[in-house]
Amino acid sequence: GAVVSQHPSRVICKSGTSVKIECRSLDFQATTMFWYRQFPKQSLMLMATSNEGSKATYEQGVEKDKFLINHASLTLSTLTVTSAHPEDSSFYICSAIEGPGRAFFGQGTRLTVV
Amino acid sequence: GQSLEQPSEVTAVEGAIVQINCTYQTSGFYGLSWYQQHDGGAPTFLSYNGLDGLEETGRFSSFLSRSDSYGYLLLQELQMKDSASYFCAVRSGYSTLTFGKGTMLLVSP
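Order-wise, the sequence lines are chains A and B.
Per this note's numbering, the very first residue in the first sequence carries number 1; after that it's consecutive.
Per this note's numbering, the very first residue in the second sequence carries number 1; after that it's consecutive.
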């Protein structure tokens, strides 16, 4: 199956700092990538859809200025959590679609803001 | 809007067969997918049904009835390693997936 690589897998940062998470499609081109957030024992919550060469589409309630998304190439999308606070601590996962109904996910990033 | 319903938890013993149901209400429908997620890991794709009927992949099978807005994932010969969360997801657009809340499967010896 297709491979999506996400980095870093874990990050601890201080309140007020910014953190960048990278998501790469390794063996296919992804014009669209998706960013999810997941709290413990809960489902995947779609945050935004990242579109190559254009602005991301954010879901209702997700702050665009806080969660900056850049999709500069067909294989790379980045999510930057700006001015992070403890409530931003969560598991962030990216995915790309490769074939009908087939989403392939990155390994996820466990963000802890202290 | 989109809504998917699946049981929150299912328990079974090793070697048994378990069925996880998923009903959905969506404004658009192209197909139903299933994903497995182990604790602390990322979801992995299991199967996709774009048409009615049964899709079989090894010990796992998935079924779809579009007229009933219903599908299920069938896991046979359960193993301890199958303990995980299972999510159904509706493909409501070309590349849009909406996930259910997930079913936690606990397999005991």
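In short, the hints are calculated from the structure, not lab data.
Hints should not be assumed to be uniformly reliable.
Under the rule of at most 25 Å between Cα atoms (straight-line distance), these lysine-lysine pairs were calculated in the PhoX-like manner [to be verified]:
{"id": "1", "chain 1": "A", "residue 1": "K20", "chain 2": "A", "residue 2": "K64"}
{"id": "2", "chain 1": "A", "residue 1": "K14", "chain 2": "A", "residue 2": "K55"}
{"id": "3", "chain 1": "A", "residue 1": "K14", "chain 2": "A", "residue 2": "K66"}
{"id": "4", "chain 1": "A", "residue 1": "K20", "chain 2": "A", "residue 2": "K66"}
{"id": "5", "chain 1": "B", "residue 1": "K101", "chain 2": "A", "residue 2": "K41"}
{"id": "6", "chain 1": "A", "residue 1": "K20", "chain 2": "B", "residue 2": "K81"}
Covered by chain B, per the in silico footprint, the following chain A stretches (three or more residues, Cβ under 8 Å) [claimed, not checked]:
{"id": "7", "segment": "33-45"}
{"id": "8", "segment": "100-112"}
Where chain A lies over chain B, by a calculated footprint (3+ residues, C-beta under 8 Å) [to be verified]:
{"id": "9", "segment": "9-15"}
{"id": "10", "segment": "27-35"}
{"id": "11", "segment": "38-48"}
Cβ coordinates follow ideal geometry from the N, Cα and C atoms, glycine included.
Against the structure, the hints come out as follows:
| no. | hint | verdict |
| --- | --- | --- |
| 1 | A:K20 <-> A:K64 | holds, 15 Å |
| 2 | A:K14 <-> A:K55 | violated, 28 Å |
| 3 | A:K14 <-> A:K66 | holds, 15 Å |
| 4 | A:K20 <-> A:K66 | holds, 12 Å |
| 5 | B:K101 <-> A:K41 | holds, 9 Å |
| 6 | A:K20 <-> B:K81 | violated, 33 Å |
| 7 | 33-45 | holds (count 5) |
| 8 | 100-112 | holds (count 9) |
| 9 | 9-15 | violated (count 0) |
| 10 | 27-35 | holds (count 5) |
| 11 | 38-48 | holds (count 6) |
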